[in-house]
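The chain contents come next:
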Amino acid sequence: KQEVTQIPAALSVPEGENLVLNCSFTDSAIYNLQWFRQDPGKGLTSLLLIQSSQREQTSGRLNASLDKSSGRSTLYIAASQPGDSATYLCAPFGGNNRLAFGKGNQVVVIP
Amino acid sequence: DTEVTQTPKHLVMGMTNKKSLKCEQHMGHRAMYWYKQKAKKPPELMFVYSYEKLSINESVPSRFSPECPNSSLLNLHLHALQPEDSALYLCASSQDTIGRTSSYEQYFGPGTRLTVT
Numbered sequence: 001k002q003e004v005t006q007i008p009a010a011l012s013v014p015e016g017e018n019l020v021l022n023c024s025f026t027d028s029a030i031y032n033l034q035w036f037r038q039d040p041g042k043g044l045t046s047l048l049l050i051q052s053s054q055r056e057q058t059s060g061r062l063n064a065s066l067d068k069s070s071g072r073s074t075l076y077i078a079a080s081q082p083g084d085s086a087t088y089l090c091a092p093f094g095g096n097n098r099l100a101f102g103k104g105n106q107v108v109v110i111p
Numbered sequence: 112d113t114e115v116t117q118t119p120k121h122l123v124m125g126m127t128n129k130k131s132l133k134c135e136q137h138m139g140h141r142a143m144y145w146y147k148q149k150a151k152k153p154p155e156l157m158f159v160y161s162y163e164k165l166s167i168n169e170s171v172p173s174r175f176s177p178e179c180p181n182s183s184l185l186n187l188h189l190h191a192l193q194p195e196d197s198a199l200y201l202c203a204s205s206q207d208t209i210g211r212t213s214s215y216e217q218y219f220g221p222g223t224r225l226t227v228t
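So the sequence lines, in the order shown, correspond to chains A and B. Residue numbering for the first sequence follows my numbering, starting at 1 and increasing by one per position. Residue numbering for the second sequence follows my numbering, starting at 112 and increasing by one per position.
If you're looking for bench data, these hints aren't it; they were derived computationally from the structure. Hints should not be assumed to be uniformly reliable.
Claimed, not checked - Computed list of lysine-lysine pairs in DSBU-like fashion (alpha-carbon distance at most 35 Å, straight line):
#1 A:103 - B:129
#2 A:1 - B:149
#3 B:164 - A:68
#4 A:68 - B:147
#5 A:42 - B:147
#6 A:42 - B:133
#7 A:42 - B:151
#8 A:103 - B:164
#9 A:68 - A:103
#10 B:152 - A:42
#11 B:151 - A:103
#12 B:152 - A:103
#13 A:42 - B:149
#14 B:120 - A:1
#15 B:151 - A:1
#16 B:133 - A:1
#17 B:152 - A:68
#18 B:164 - A:42
#19 A:68 - B:129
#20 B:129 - A:42
#21 A:68 - B:149
#22 A:68 - B:151
#23 B:164 - A:1
#24 B:120 - A:103
#25 A:103 - B:149
#26 A:1 - B:147
#27 A:42 - B:120
#28 B:133 - A:103
To be verified - Cβ-to-Cβ under 10 Å is the rule here; a few derived chain B residues that face chain A:
#29 117
#30 151
#31 154
#32 163
#33 166
#34 167
#35 168
#36 169
#37 201
#38 202
#39 208
#40 220
Since this is a predicted model, take the numbers as computed values, not measurements. Backbone N, C-alpha and C define an ideal beta-carbon position, used for all residues, glycine too.
Turn these sequences into a full structure, and let the hints guide you.
Dropping the structure here:
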C-alpha cells in the first residue's frame with residue numbers, strides 16, 4: 001500500500017519568503033503525481049500534475065519536482081503571498097488506479 | 112472549462128432520511144469519483160465509475176449507493192446514515208482511470224458538507 005508523508009505538517013512564513021513543501025512516497029511505481037491546494041471547508045484545486053517521465057513542472061510561481069526513483073516530490077512557491085495560505089496535498093497515482101494522499105502541508109503566510 | 116459542480120453545498124439530514132448528492136461535469140471525462148473527507152484528514156476514496164460502470168467500491172457501507180446515469184452525472188444516494196457519516200463529500204472526474212495517459216488529471220468539485228443528526 002502506498003504511504004505518503006508530507007513534511008512539514010504545518011508552517012508559517014512571512015510574506016515574500018519562498019515556500020518549500022516536501023512529499024515522500026513509499027512505492028515508486030507511479031504513473032504521475034498531483035499537487036492540490038485546499039482551503040478550509042472547500043474542495044481540492046489541482047495545482048500541478050507531473051508525469052512519471054518528467055522531472056519538474058512549472059506554473060507561474062509554482063514549481064514541482066519529482067524524483068520517482070527516490071520517492072520524492074517537492075513543491076516550491078516563490079515569493080509567497082497571504083493568498084497562498086491553505087493546505088497543500090501531494091497525491092501520487094499508481095498501478096492500483098488510485099490517488100494516494102498525504103496528510104498535507106498546512107501553510108500560513110503572514111502579511 | 113475544468114469545472115465540476117456539486118449540489119447541494121450543505122445538507123443536514125436525520126438518520127431515517129433519504130437524500131441524494133449530485134455531481135456534474137461537462138469536460139467529456141469518462142471517469143468519476145466519490146471521496147469522503149473528515150476534518151483535518153485527507154480525502155478517502157469511496158467509489159470510481161469508469162465509462163458509467165462501477166469499477167471500484169472501497170468496501171463502503173450499503174447505506175451509500177452510487178449511481179451514474181450518464182457520462183456527465185454522478186449521484187450518491189444516502190439512506191439511514193449514522194452521525195459518524197458527517198463529512199465533506201467530494202466528487203472528482205478525470206479523462207479516464209488510466210494514469211499512464213499523458214492527459215490524466217483529477218479535477219475536484221467544491222464538495223457537499225453533510226451533517227447527520
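**Request:** Check each numbered hint from earlier against the structure, then list the numbers of those it violates in ascending order.
**Result:** Going through the list in order, the structure violates hints 19, 32 and 35 and respects the others.
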